[in-house]
Every structure is written in C-alpha cells, then in structure tokens.
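Asker: Spelled out, the chains give:
Number of protein chains: 2
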Amino acid sequence: MTENPKSSGQRSATEKDVALLAGVSQSAVSRTFSAGKSVSKATRAKVIQAAESLGFSPNLMARALATRHSNIVALVIGHLENPFYAQVVKQLSEQLRKSGKHILLFTSDPDSHDNTSMDAVLSYKVDAVILAGVTATSKLAEKCKVSGVPVVQINRESKLAGVSSVRGENFKAGERIAQFLIAGGHTNFAFIGGTEASTVSSTRLDGFRKHLESHGFHNLMTAYGYNTNSGAATAARLLLGQDDRPDAIFCASDYMAFAVSDVARRELGLRVPEQVSIVGFDDVPEASSLSYDLTTYSQSAASLVEAALKQMDTLSINPSTRQRRIEVHGELIIRGSARLPIL
Amino acid sequence: MTENPKSSGQRSATEKDVALLAGVSQSAVSRTFSAGKSVSKATRAKVIQAAESLGFSPNLMARALATRHSNIVALVIGHLENPFYAQVVKQLSEQLRKSGKHILLFTSDPDSHDNTSMDAVLSYKVDAVILAGVTATSKLAEKCKVSGVPVVQINRESKLAGVSSVRGENFKAGERIAQFLIAGGHTNFAFIGGTEASTVSSTRLDGFRKHLESHGFHNLMTAYGYNTNSGAATAARLLLGQDDRPDAIFCASDYMAFAVSDVARRELGLRVPEQVSIVGFDDVPEASSLSYDLTTYSQSAASLVEAALKQMDTLSINPSTRQRRIEVHGELIIRGSARLPIL
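Order-wise, the sequence lines are chains A and B. Numbered per the numbering used here, the first sequence spans residues 1 to 343. Numbered per the numbering used here, the second sequence spans residues 1001 to 1343.
Everything labelled a hint here was simulated from the structure, so no lab data went into it. Because the structure is a prediction, the values reported are computed rather than measured. C-beta atoms are modelled at their ideal positions from N, C-alpha and C, and glycine is treated no differently. Hints are not guaranteed to be accurate.
To be verified - With a Cα cut of at most 16 angstroms, we get these calculated EDC-like pairs of lysine to aspartate or glutamate:
(1) Lys-98(A) - Asp-1109(B)
(2) Lys-90(A) - Asp-1109(B)
(3) Lys-90(A) - Glu-1081(B)
(4) Lys-1090(B) - Asp-109(A)
(5) Lys-172(A) - Glu-327(A)
(6) Lys-1139(B) - Glu-52(A)
(7) Lys-1159(B) - Glu-1142(B)
(8) Lys-1145(B) - Glu-306(A)
(9) Lys-145(A) - Glu-1052(B)
(10) Lys-90(A) - Glu-306(A)
(11) Lys-139(A) - Asp-1293(B)
(12) Lys-1016(B) - Glu-1052(B)
Unchecked claim - Each pair of labels, with its calculated beta carbon distance range:
(13) Ser-320(A) - Gln-1049(B): 24 to 32 angstroms
(14) Thr-1137(B) - Ser-40(A): 24 to 32 angstroms
(15) Arg-1324(B) - Lys-159(A): 48 to 56 angstroms
(16) Ala-302(A) - Arg-1266(B): 23 to 31 angstroms
(17) Ser-230(A) - Ala-1302(B): 12 to 20 angstroms
(18) Arg-335(A) - Lys-1098(B): 38 to 46 angstroms
(19) Pro-285(A) - His-1215(B): 33 to 41 angstroms
(20) Lys-310(A) - Asp-1244(B): 33 to 41 angstroms
(21) Gly-1336(B) - Gly-185(A): 29 to 37 angstroms
(22) His-215(A) - Ser-1230(B): 37 to 45 angstroms
(23) Pro-285(A) - Glu-1196(B): 46 to 54 angstroms
Bound conformation, chain A alone (with noise of 0.2 angstroms):
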C-alpha cells in the first residue's frame, strides 16, 4: 500500500485512493461528491483537499452506471439561430444547474427528415428528453416509453402518446392579436406562420381567424416563412408585393417579424406602423430594441422551461403519470410596430 497511490503510475485515482490520503471512509468521499448527500463540514475539507492533490474527479458516468440517474438531460434544438431558442437553452442550463443536472445537446434541423440526431439521444442513458422547436418523432416517443425516460416538448405539440409539452397561449395569443388589430381600424389582416405542418402556428392562425371571422373579416392571407429570416422575407414580398396588400401582419414568431419589418421598410419603402402593422410572437430581447420596437405577444423562455422541468421531475417519480399539455400564460406586449386602438 502507497502513501500518495498518484506516485504508483499512471492510473487515475480512484474514490479509494481519496479515502486513503484523506483518512476518511470510502463512503465518505462518495457523500462528498454527490449531491443531497450529508458529511461533515471537516471530512468534506479533508476529502476536497486529497482529491485536489490527486487530480480525482468523482467520475460521475460511472456513478449514472450504478444509480441509473446520469444527471444530464438530452435537449434535442432546432432553430439555434432564433434568440428564443438561444433563450431557451440558456434558461435550461441555468434551471437544471440548480439541482446539479447538465445537458447534453443535440442539434436538429426541424424540416429535414434526417432523424439521426434524434435517434443518436437514445445511444446515452439520460434522465430525460426535452425537444424544443422540434418534434418527437413516433420512434423516439416509443423507445422512451420503453425505457421510461420522461419527454416534454417546449414550444411544439405532439399527438404521440407519453410526450408531454408546454406551450404558450396560442389560441388565445391569436384572438387577442385580431381584436387589438381590429380596434386598430385594419381592414386587411395576413398571417405568416412557421410551416403548415406545426400545430403551434395553426393554433396561432385558427385564434387570429375565429376572431377575424366573428367580426366578418372573412379574407385572411397566410403565407409561411419556414421560420428562418429568408423565408419569412420571401413570404413579405409576396404578401406586400399584391395590389391589396395587408395592412396588418401577424408573424408566428418575432424572428420572422424582423425579417417581415426590414422588407416592408427598408426594401418597399413602407412606413411602419403607418401602412402595416407588424405583430410578432414570443418577446425575445431584440423585440424591444429600438430598431425594430416590436408589438408582440410574450411567452416566457423562463415560464415554458420552468413547468417542462416540473413536469419532467413529475414524470421521474411516476412514469406512469399520464403525459400533459401545459399553457403557459403570457400577455399582449404593446410597442410602435403596430397601430394603437382608435378611441
């Protein structure tokens, strides 16, 4: 038996050496290193300094082997470029920390039928899967299922059973956005959603139009901008390029209504919100700039993480917890993009 067993080789010290050098208990030096655990304000100095000494880090895959928690939660993300994304990313990583939990990022290309990344979540044993802007595909929702590891979706719906997910108001976002817009005295309304597929901009259009309806605003124009900045722009010049061009436009997401207000401005010359009225949706930090100055309705990054973790940890404790759709609530943002209701 060494003194320092570091001196002996190569070999990466172990929980064991730790205990050695520090005179404490092996099981002390596992308490030390996980979270929740009691020790000793003392034994937890004498282990910390032994294990700096040694160069030990506790190896926390091996612990995920033997306890069959990982700590780390697979995020699958599209659409990084989109500052809500960022945000929601951001908000995880900060929110997870709190309870000693990481992330392990999957990026995915939302329209592309490439499922690798997905499918590459189940090679590791997480804890769980949260998708934002993408959508469990039926083969992730069932191997999750069979292996009980809890998904939520953020910002996406899912009809798969066992995928929770956790959305904004977006009926409700919808509606509120066509009557602000009506008392605004507009008379020609377009919407331009993400693609045709997502259920969360249909939600958005299906409230816009319900209320439109209702107050005999029967000819709604939509367009899809595919939610990057090039499709939303194409989508705007083929909507404000028409003879009756709108003169309100609700974008499903405040990324598309930037593009949309730098092509009415900046390409067609348009004044806003004196011609057209843009009205975005999420309230990302660059909608209150003064560039853009963005009517918008919010929904959280912070609120949508916040109940996808709780729901998360609901699922951990009883798998068999039936999967949940979480609204979370947000409210109509009023800035200078969009003209104000008429007294």
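Following the hints, put chain B in place on chain A, whose structure we already have.
Answerer: Chain B in isolation, oriented as in the chain A frame:
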C-alpha cells in the same frame, strides 16, 4: 434460456440479449453500434431488428468507461444571447456529429467570479473541453492537464500552459478598420470594447490605436460595453453625448454595435453613417439585415470551430503537443453603416 429475453422481466435488454435474438455473436452487436467498426450488411440488419424489438439502446456511457472515450465534448459558453455564440454552438454540434460526438453544455456568466459551472465540467469524463467566450480558470487548466483532457478556447486567449486558443484576426482587423475609417475622412475615433480584462478586445484596440497613431490621430476615446446590449447602449450614450462626439465608432462585437446603432439613430436621432459611422466585429447573420446593414470584420464561427476541433484532435492523439494560438482568417465586410473611402 428464454427465446425473447425481454419477456422474462423488467431489466433492460443487454448486448447479449440482442446477440441471442439476432443469432449473431455479441461482438457483432458491439461492432454494429460502434462508429467506424466493420460489420456485414446482413448482420447489421439482423442486429438492428433484434435491438428494436427488445428496446435495446447501446449504452455509450458504459462503453465510455470501458474505452475511456465518452465521445462527449464539454462546451462551456458565455453570452448565448449574442448570436455569434449561438452560431458557435450550432457549428460545434453539427461538426462533432459527423464523428459521432456530442456536446455536454455548460453555460457560464463570463463576468461572474462564480466558477462552479466550470468546475462541474470535470465531474464528467469528457474527451475534451471547449470554451467559447469564457476564459479557462487556472484550476480547470491544471485539472485537465493532470487528466490529459485537451482544452481549447474559442474567441478568448489564455496565458495558461496547456490551453490552446482559436481566434479571429484581432490585431489586423483593428488596423484594417482604422485604415478604412481614415480613408473615409473620419477624424474623431472611438472604440467600445468588451471588458478591460479581455485580451481579445484589447488586441483589437491595439491594432486600431496603432494604425490611428501612425497617421497622426492620438485622441482615441475608449469605453466598455461589457458584451451586453444595455452596457453597449450606455457606452454609446456616454460617447455620443459629448460636445466633441466621435464620428466613427469601432465596436468589439456586432452584438454591441447593434445597440450602439439603435442609440445613435433611434434615441439621439443621428444619421448613420452621415453623422457617425459604426463598425462591428464577427459578421453575424443579423449584420446583413436591412435594419443594421453593418460594416464589420468577419470571423467565421464555422472556421473557428473547425480549427478548434482540429487542434482538439491533435492534442487527443498526442497530449504532449504544446498548446497553440491559432488565428483564423477574416476580412472587412463593407456595408452601409460606415462612410466609404473618399476617392
């Protein structure tokens, strides 16, 4: 021995179970789920069918323990709200995916002294640590050295032994921007940096100042925007509120330049570039938006990530390789936010 081992209980299926059901060797199952290992098409098909019917996922964490390669790269990132870093995450995820690797994500507040997030990195057996927009602590660098884990920084420099860095042409960019602005007839220059402590920011300032001074411009104003929107706006108000306000501002990032442009145009009613020219750094997608139309110096996230991964591989193969400072080529991107050279 059961025909379908899954039916015998609640335990997860193993490689052995899959081999039994597929009628192949356990090694064939293992090879099927290992990147780059050879296995016949027919065997692969049998293995995948058996694995799917048993709900088997190869446990890459268990494999990581056996092979000492986790195929996981830790990424510590600051300022995800800056689209440049969102691009770095996206590029890193996409480029790593090609070699079957994934990101374990740690977000960090780069201006806080709380390094718990950075320390947590070492609790996982990762293949490498990549830092973007944050600087390695000496503790992290030391621990990685002891355990032979490569550390590469993107867009930050470090004097620590063993820490490689990949960055844009900071000094050259500063000189080139000074040259361009002098040619445009500007006479009163300002620089808005990230933080005073940032070597990246101060190298850009050094190049800018050196070229200005060699052309007789000695009264360069400097301010710091702390890499935030509100910090940059405050710096802009300070500089542009003076009687002797600058007619050209070089900002150390596009993200800060957007806030400076908003303050100049929307808050102070200045015409850009007629009354004040604004130049950024990075060339993020938003720089080409019609709202900002920003003249900037490019540093491609794709190229930085590519160089970082190349250096990571070199260090993985030969851990005794000395750390390197790698500079990635960029260029001045001329748009509408700065006056053009007078012919």
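Asker: Tell me, in ascending order, the numbers of any earlier hints that this structure violates.
Answerer: Violated hints: 8, 11, 20 and 23; rest satisfied.
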